[in-house]
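Asker: Let the hints inform the model, and build the full structure from the sequences given.
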Amino acid sequence: MNNSGHETYRQKVQEIAAEYQARGYEVLVEPDPEKLPEFLANFQPDLVARGPNESVVVEIKVGIKTAASERFQEIAETIQRHPGWKFSLVVIDPRSDEVAPPTQQLLDRKEVADRLERANELLSTGTADAAFLLLWTSVEALLRHIAPREGLPLERVPSSSLIKELFSSGILSRSQLDVAQRAFSVRNALVHGFETARLDETARELTQLAQQLLSELDHSQEGDCPTRRSTVLTSRDR
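Under our numbering, the first residue of the sequence shown is numbered 1, with each subsequent residue one higher.
Just to be clear, a hint being listed does not mean it is correct.
Claimed, not checked - Lysine-lysine pairs mimicking DSS-like chemistry, simulated, CA-CA at most 30 Å apart:
no. : residue 1 : residue 2
1   : LYS86     : LYS35
2   : LYS164    : LYS86
3   : LYS110    : LYS164
4   : LYS110    : LYS86
Said to hold, decoys possible - If you anchor each label on the Cβ, the simulated ranges turn out as follows:
no. : residue 1 : residue 2 : range
5   : ASP32     : GLU117    : 31 to 39 Å
6   : GLU38     : GLN211    : 39 to 47 Å
7   : ASN42     : ALA197    : 26 to 34 Å
8   : ASP114    : ARG10     : 17 to 25 Å
These are computed hints drawn from the structure, not numbers from a lab. Where is the CB? At the ideal position from N, CA and C, for every residue including glycine.
Answerer: Spelled out as structure tokens, the structure:
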């Protein structure tokens, strides 16, 4: 890590620590091994936030490359097996928009379903731009929910890396990757004030993808354990 990257890392550590402390967590930055539970004995986290109902192990990476989350798969699965603990991989990519602070919660299933319903209503009235934003936020939330259930700690990874990681891990099919990448390009144009081509068509594709992912999330919750094999993925899609 160069000097610039190290400074970015230190700033992010301090920022995340302050966010958790503001919410009442006890925060340990780069804790000594003797202060960690036994199941973390062979892992040196950047930060641990202990709360009354939940404790979070945070790893922070600057400029992470595609498939790097595989390095944290084992520790993420280990932590997942201990009730009251979770793993959060925070990725800082200077080329990408920053993901929400780690103390903010993802939309839950009901909130996603409500947004999808509202998006369909807007599409039926010809309001494709507003519908698209609801669809995109729903799809991204679903992807971030599905990833850790498949053993991949990607909840806080930038959107473009998230999509590529899920494809490289076999969670998204080739056709789903294509839809997600087209939609991501439209999303960028839309939120930054540029004209958007194929908005209606992309919104329809995104609606189908959202329904597929919602079904996948429901399926993974039924099993309630990592499968590393998405039921959405089929061999003919690759």
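Asker: Please verify whether LYS164 and LYS86 have alpha carbons no more than 30 Å apart.
Answerer: Within the cut-off at roughly 23 Å; holds.
Asker: Take the C-alpha atoms of LYS86 and LYS35, compute the straight-line distance between them, and say whether it is at most 30 Å.
Answerer: Distance of about 17 Å is within 30 Å: holds.
Asker: Given the hinted pair LYS110 and LYS86, is their alpha-carbon gap at most 30 Å?
Answerer: holds (22 Å)
Asker: Could you check the hint for me, namely that GLU38 and GLN211 are 39 to 47 Å apart, CB to CB?
Answerer: holds (43 Å)
Asker: Taking the Cβ atom of ASN42 and the Cβ atom of ALA197, is their distance within the range 26 to 34 Å?
Answerer: With a Cβ separation near 51 Å, ASN42 and ALA197 fall outside 26 to 34 Å, so the hint is violated.
Asker: Are the Cα positions of LYS110 and LYS164 separated by 30 Å at most?
Answerer: Holds. LYS110 to LYS164 sits at ~26 Å (cutoff 30 Å).
Asker: Could you say whether the range 31 to 39 Å given as a hint is met by the Cβ separation of ASP32 and GLU117?
Answerer: violated (50 Å)
Asker: Honestly, do ASP114 and ARG10 meet the 17 to 25 Å range at C-beta?
Answerer: Taking Cβ atoms as reference, ASP114 and ARG10 lie about 39 Å apart, which means the hint is violated.
When held up to the earlier numbered hints, the structure conflicts with 5, 7 and 8 and fits the remainder.
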